[in-house]
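S.K.: One letter stands for each residue in the lines below.
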Amino acid sequence: MWVLGPIGFTTPWLLLGLAALPVLWLLLRAIPPAPIRRRFPGVALLLGLKDEEAETDRTPWWLLLLRSLAVAGLILAFAGPVLHPDQRRGGTGPLLVVMDGTWADAADWPRRIEHVQQLLTDAGRAGRPVAVVTLTDLPEGALPFQAASAWVSRLPGLKPQPWAPDPKALSAFAGRLSGSFQTYWLSDGLAHDGRMAFLSALERHGRVTVFETGRPFFALPPAVFKDGAITLTALRARPGPAMSAAITARGPDPSGTERDLARGTADFKDGATVAELKLSLPSELRNRITGFAIQGERSAAAVSLTDDALKRRKVALIAGVPDQEGLQLLSPLHYLREALKPNADVIEGKFGDLLMADPDVIILADVARLPPEQEDPLIAWVKKGGTLLRFAGPRLAQSDVSRETEDPLMPVRLRAGGREVGGAMSWGQPKKLRPFPENSPFHGLAIPKDVTVKEQVLAQPDPSLASRTIASLTDGTPLVTRKALGQGQVVLFHVTANAEWSSLPLSGLFVRMLDRLAVATRPAEPSAADLKGTTWVPKKLVDAFGATHDAGQVAGVTGEALGRAEAGPATPPGLYAAQDRRVALNVIGAKTVLAPAAWPAGTVVEGAAARHERPLKGDLLLAALILLLVDLAASLWLSGRLRGPRAGAAAVVLAALLALPPHPAQADDAFALKATHGVVLAHVLTGNARVDQIAQEGLQGLSDVLTQRTSVEPDTPMAVNLNTDDISLFPFLYWPITPDEPLPSAKAYDKLNDFLRTGGMILFDTRDGDVSGYGTTTPAGQRLQQIAAGLDIPPLEPIPRDHVLTRSFYLLQDFPGRYDGAPVWVEAAAPDAAKADGMPFRNLNDGVSPVVIGGNDWAAAWAVDAKGNFLFPVGRGATGERQREISFRFGINLVMYVLTGNYKSDQVHVPALLQRLGQ
Amino acid sequence: MNQGAPSTPLRGRAEALASPLPPLLAEAEHLAQAVMLGEHGRRRAGTGDEFWQYRPALGGDDARAIDWRRSARSDAHYVREKEWQAAQTVSLWVDDARSMGFTGDARRPAKADRAALLALAVTVLLTRAGERVGLADGSIPARSGPAQVVRLAEAFSGLATGAGEADYGAPRAEAMAPHGRALFFSDFLGDPAPLEDALGRAADRGVRGVLLQILDPQEETFPFDGRTIFESMAGLLRHETLRAGDLRGRYLERLAERKDRLRQLARRTGWQFSTHHSDEPPAAALLWLYRALERRL
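Chains as they are written, first to last, in numbering that gives the first Met the number 0: chain A, 0 to 918; chain B, 0 to 296.
A couple of the hints might just be wrong.
[To be verified] Quick list of simulated restraints, FRET-style, between CB atoms:
id	chain 1	residue 1	chain 2	residue 2	range
1	A	D630	B	D104	24 to 34 angstroms
2	A	L48	B	R290	33 to 43 angstroms
3	A	A33	B	R260	28 to 38 angstroms
4	B	D104	A	A33	43 to 53 angstroms
5	A	A33	B	L251	21 to 31 angstroms
6	B	G144	A	V770	52 to 62 angstroms
7	B	R290	A	D749	57 to 67 angstroms
8	B	G129	A	A33	55 to 65 angstroms
9	A	D630	B	L251	31 to 41 angstroms
10	A	T776	B	R68	50 to 60 angstroms
11	A	N720	B	G129	47 to 57 angstroms
12	B	G144	A	A33	51 to 61 angstroms
13	A	D618	B	L251	17 to 27 angstroms
14	A	V770	B	D104	46 to 56 angstroms
It is worth saying that the hints were derived from the structure and are not from the lab.
A virtual CB, placed ideally from N, CA and C, is assigned to each residue, including glycine.
Let's have the full structure, built from the sequences with the hints guiding it.
M.R.: Structural data, given as structure tokens:
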């Protein structure tokens, strides 16, 4: 390849052709444009005429330039120009391709494989033996040098692993290396332990080239539950500009389908590598979360599975008095049970059994003293991190627990007897709660006004009392006290858990206080000691790409191993289970630090951002082609072929090539806008201009009358072509039938049937009511039958006397148009329509007839001209005018029926109608 | 039905023979239909078939001439007179040179087509009026009656493609009946001398007639440009130019000159001259022809 600046040529000797351009110039210049031969009888008149000016018969210079450029473009194109040519990596001898093969590679794995393939192709061309090694899956024994083609077939089998390379295995592998070879290392861009040692080991055998993509890399450590919110921390390897990462919480919805339960964005500040996201979710939702993921990151590091840490707590309830049947509302545990059930697993039973179940919280309601054999394990349990929640009550008040000395299971010492305020036998008003102090876990909760306390147990004033009080009454006496015991805590409510002593358990505040105290408490992260002696079986595993799948039958892992494990071949990341407990092992632990790989000075580091080769052959050929096309047009123009007899055809072809087809939707839009601007009555175009005009004028007359008399104010009626227009925009179509009307097309039938099915109405008018009433089938009637054969029309009947059309606006019994007496047909009523009691109408509340069929030529009766004069006579004299009036009333009733459906059939109006009918 | 098969060759040939006729004839009939404008008679009494008038019998009238039926209705005697119908002889010449085969646009008929159509339509009209029509070169002598229309239609069908040998046609007017009428259809673009000669001899024999020049619109507008070699239809004449557009003005000048010369010639010999373009409807030209003939008949 011959390189000239940023451009290289694969076959540079072709460029010699450029030298021939001047010759071409001279040749072209000498040859004038070819003449056109035309047969023309008028030549007899032309004989003897001389050209006025002896114009040069040479090609104009600009056409020459155009052609020269085109030819130059062709020559350059075939010389194989390449922009930013890739100077092939030189080198001889065996080549070792090293891939990290970690989760960090997964995001752009296909591109890495492609890159390796490119390397293999080059090596194959050079006849170099190649070995491909992934550091997470090191080969046993020596380096497997093979022919490049052998590796190409094995490439698809290479997969990244969801863990980092093991430093020990790496150093062992480095020790097995022998011979001299060059190394090409596709790094994942992160600093892993043992990397530098491995690099120096490789460098001892030959040149090492490192390839790194500069792509940003994100990781998601496990979620932490803190202060009622889930805190997620997103990490990135390199500080960069401000950006945000979208994080979704996945989990099953109530139907069991896996879906996004919540989402939020963690915003990285400029230059920061850590971003936080707080998700405050209802516990119902929180309990369902199975994992979090950074959206758009195809890597195991961007996935964080959740375990019991975010799950609902297990709460054990123990009451001093066994529940009495029938006295539920007095039961000391009833309110607790109700309050906790939605948020926690409530367990009840014998004390010993409860402790065995390892609850997160134990609630003692009015339990004074526990037997010693129970007390000691309880203390031990609390010290290990349990929460003991106690409620006072008559028993506790009368016992001597924590009188003289503080009981380990009581936060404070108590005074004997307790006190009663605001009762029947005492002075004062029931006490209210004081707002929670800042150091209280209840801080910020709103206190309802109606929460009052009538009785309580009182705490002995102690130096530590103030610090242990987390809620108090308005007079300063403590209501809730708390003390830490070991890793756990003991909390005492100085009132009962039922409504006997206070109205607190009745209020929503009670639930929220429990939530803060018990349910929202998270156990410490499981340590190796916690898991000792247990066996954990993987249930779900995460692959390097961040996809979870069922683990299947996999050998279990001991608790100790799991407790101190990082993700590795022996403990692949995933969700492990032992009995009811679940522990998630994530690629990124809480302490994992993401750091970009730091290569020692002197290492050759290539980036994927390197300029890619770009062959310019296609572009140049295209340019030359365009120039030649321009030359074609110019030559035609010069030689007069663009004028003359066929110029019109040529211009049409050119215009068709250049002009984009006009947008057909615009006309449709105008039509749709006009049709939907208001209520618009429409008629179907029959192809008979006279009939169409009468229909238009008739609907105009009806629209005018509707505007005068009703709140329906239609716009100018429109004509509808069934084949081209959208009829679904209209509520109502008037369709006059003529005997020679063409049948609608199949498409039009589809539209019509859709129109009828979706609530449209068509008024068919055969306009032959003067002759059709005598049992003969008229030509228009026959045509109507043919047209309607393709329509989805229900069974019909003549309008019954109780049809809604007879009373939707006016009370009518006749439906005349220009003619009177021909029956008008509508959809038949349901056969089971029964007469309602005391009503003159049948119960016809269902369905609106999609068609009304008649022959009374209504449009002619309604038709008016521009001045509002009636265009056609109706009947004779006053009777005729009355008939026209009734015909207008029919039109109004029909439009009302179209627009309001069976509204008038509603029972509500029956009394008023009865009254009017009775008159 | 079994006899159908052997008869097919004959029938096929007959149909092939007849096929060019009906379209041209039908078109000509259709065209002529539009021009049937009322009576076409001599408008005076004479020998003929059509009733002309009743007139009171005069002294010199033959008793056989008296129309007794009319006379019986009154006291006077009446003679029934017929309209005078004298057959005129019309000679047609339709230019069959190659130049007539030219059309500037495939959608337009060739000039020869148009000439044949007009000639046949005139034939139809004249035949209906009872005139005798024939070809001026004597190949089809003048006769009257519908059969003559078919004969002429056959002759014109051959012309319709401009099938002649020469580039430009010269009228062959040897067989024109004295004191008859003549119709010449051509583009008259060739040498005018033979035409002048023919018209001079026609005038000597008392023949009057009509010259109808049929031109293609391209011949009227000369819409050419660029380097062009113009050739006559047979390729005998040729003219090369580098810029055809420059010739337009002078060409149009020469064309106007030629038309003027034809017009002068027609006036001198008592003929009439008009130009028809092949993109115009033929009915107008036919109407003009009909009127022009009628005026002098």
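S.K.: Next step is simple, just say for each hint if it's right about the structure.
M.R.: Verification of the supplied hints:
| no. | hint | result |
| --- | --- | --- |
| 1 | D630(A) x D104(B): 24 to 34 angstroms | holds (29 angstroms) |
| 2 | L48(A) x R290(B): 33 to 43 angstroms | holds (38 angstroms) |
| 3 | A33(A) x R260(B): 28 to 38 angstroms | holds (37 angstroms) |
| 4 | D104(B) x A33(A): 43 to 53 angstroms | violated (24 angstroms) |
| 5 | A33(A) x L251(B): 21 to 31 angstroms | holds (27 angstroms) |
| 6 | G144(B) x V770(A): 52 to 62 angstroms | holds (54 angstroms) |
| 7 | R290(B) x D749(A): 57 to 67 angstroms | holds (59 angstroms) |
| 8 | G129(B) x A33(A): 55 to 65 angstroms | holds (59 angstroms) |
| 9 | D630(A) x L251(B): 31 to 41 angstroms | holds (33 angstroms) |
| 10 | T776(A) x R68(B): 50 to 60 angstroms | holds (56 angstroms) |
| 11 | N720(A) x G129(B): 47 to 57 angstroms | holds (55 angstroms) |
| 12 | G144(B) x A33(A): 51 to 61 angstroms | holds (57 angstroms) |
| 13 | D618(A) x L251(B): 17 to 27 angstroms | violated (51 angstroms) |
| 14 | V770(A) x D104(B): 46 to 56 angstroms | holds (55 angstroms) |
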